[in-house]
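As given, the protein sequences belong to chains S and R, one line each in that order. First residue of the first sequence: 1, per the working numbering; consecutive thereafter. First residue of the second sequence: 1001, per the working numbering; consecutive thereafter.
Since the hints were made in silico from the structure, they are not lab data.
Capping the alpha-carbon separation at 25 Å, the derived lysine to any residue pairs in SDA-like fashion look like this:
#1 Lys1055/R with Leu116/S
#2 Lys1047/R with Arg18/S
#3 Lys20/S with His1077/R
#4 Lys20/S with Ala1032/R
#5 Lys1097/R with Arg1145/R
#6 Lys151/S with Gln92/S
#7 Lys1041/R with Leu1116/R
#8 Lys1161/R with Thr1105/R
#9 Lys1047/R with Gly38/S
#10 Lys20/S with Val1081/R
#11 Lys161/S with Glu140/S
#12 Lys20/S with Lys1055/R
#13 Lys160/S with Arg64/S
#14 Lys20/S with Arg1051/R
#15 Lys1055/R with Val1088/R
#16 Lys1055/R with Gln112/S
#17 Lys1047/R with Leu116/S
#18 Lys1041/R with Arg34/S
#19 Lys1041/R with Ile119/S
#20 Lys20/S with Thr1084/R
#21 Lys1041/R with Gly1052/R
#22 Lys20/S with Arg1108/R
#23 Lys20/S with Gly1002/R
#24 Lys1097/R with Thr1084/R
#25 Lys1041/R with Ile27/S
#26 Lys1039/R with Asp44/S
#27 Lys20/S with Glu1082/R
#28 Lys20/S with Ala1060/R
#29 Lys1055/R with Thr1078/R
Computed from a predicted model, the values in this text were never measured in an experiment.
One letter stands for each residue in the lines below.
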Amino acid sequence: MTSEMTREHEAPITHLQRRKIESRVLIPFIEACRERFGEAATRDLVLTTIRRLAGKEGEQWAQRFGSGLAALQRVAEDVWAAGGGMDIDMIQRTEDRLDFNVTRCGYAAFYQELGLADIGALVHCSRDHAMAAAFDPNVELVRTGTIMEGKPCCDFRFRKKPQASAGDDERAANLRPHRQ
Amino acid sequence: MGVLDNYLVDPELSLLDKTRIQAQVLVPVLRALRCELGKEKADAIVKQALRGWSKQLFAAIGDGIDGNPRRKWAAIHTAMVESTEPDVTVEMLRHDKEALEFDITQCRFAEFCCALGEPDLGALLICETDFDIAAAGGSEVTFTRDQTIMHGAPRCTFRYKFAPR
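Chain R with its partners taken away, still in its complex shape (with noise of 0.2 Å):
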């Protein structure tokens, strides 16, 4: 059994598929609550729900790994980038014991997300993530990222350092 089950709930599935299939229902219902209450209300309204799920998601699968909130977030963080390694591509730029650096330069989610003109969704189910994840490795772990493809940008920034041991 994978890190990863209960998020992806196949473990066959590629991240990409799962965000594809979740797509097809929530876009949907997402227009669908637009058309009542206006984008913004209806924007802040599936904002609030899954950043509130993803937090939960990861915070329960980070509780369920032994060790360390690094080793919590290493296990998160590699199992992560087994489902995603076929959908990016990515410039490794620094990897040593006090930091992780790579640029993704190109990233099918965002194409996915894009051409159906929902990148703040996409966003959602997709990039935020990456924040919960570093999350598991609590004051171990600090995560930044200036930008995004999802949001226009030629690149998407990520930059992890790591607490000294």
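One chain only, chain S, in its complex shape (with noise of 0.2 Å):
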């Protein structure tokens, strides 16, 4: 991507304004796509294009918010809930784990009103894996369910993953099939 198209200069508006905006030109060009290419292909291009996008703006809030799970909280709650996007539940945050619940959603609420919950599946919740990821390599994102897919909140459990120990790599060398 040039830098032409990401030059930080646009008027400051929510996160979720932006995606409102994005969907305007996203949905008309999925459901164009799912028409003349299919549905699955579809769907495949554009997870792998949404999540490397959603992979970027991971390493952009990395720059701006720190990495670790507390700055993880404040993307959720400056970023995603900003200007009333979501209402968030925190559950906890400890040294390795960050736990809430979304209880609203006006992501998911967006594109339900439309009646596309699919899309809105497909170009919003699946970014949140590979933001994470490339957030903090450190951390992994489990959720079990979400709003957008008619669940009645999105259990965002985020973890520190288990550092590995001179003794892991120890007993992994010792698991591994030893060659003849």
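Both chains come to you apart, so use the hints to assemble them.
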């Protein structure tokens, strides 16, 4: 992507507004792709591209907020939820966990009102795992459901990955099959 | 609430900012599709998608404005001028009850899209919408434009003719 496309002197708008603006061209594009290119192929193409963009966004947010779970909490509260984009029920933040539920999601409401929750899941919810991995390679996201797919809340559970120790490496080496 | 809110999403946002945001996500998916299908087929899909979207959108915006078609066109045109004004240089040639004629001599939309190497996409996102806006004027507004900066000309030649009242 060229620097021209990513320059940062756009008017300040909320993350939800940005996603709505993107959707105005993404929705007709995805619908036309499905019609001409097929459902599964379109899904693969969009998922791959959206995850790549989400990774870049994760890197940009890490530059702005820092890495780690406290910084990730700021992304959720200051970016995703900005301007009433979503309601977050914070459960806990410890040294190795950040747990919260999203109990109201403006992003899901937007797509559900259009009857396009499937596209919403594809272009919105599917970003989060790739974003988290790029934001901090030591963090992973486990989420069992989302409001977009009809669940009562989105259960975001971020975990610090266990650091591999020298002992782990040795054990792993011992488990590897030995070539004759 | 402005007449273009449904188009711009955020009234504080200029059309150029909106175009940048859309290009940031649309260009990568379009390029991925070109890798799969080839440029011609992929571009045909995006053209079908964006033209259909724009026609529907401006028809709906026109439906939401009270008055005759000429008034609908004038309301949308005025709002578009306000949103694009900072990013284009306009040379007014004629403005009376029968016609509106002006050239655009500098265009940041074209600069942006050409710098991306995507003038055709820029034409779909920006230039072609002028025909959908003119369509809100029905038979009372006739719009022609022989050339655009987006497609390499030195200026864009906007020519509107109005039916006698």
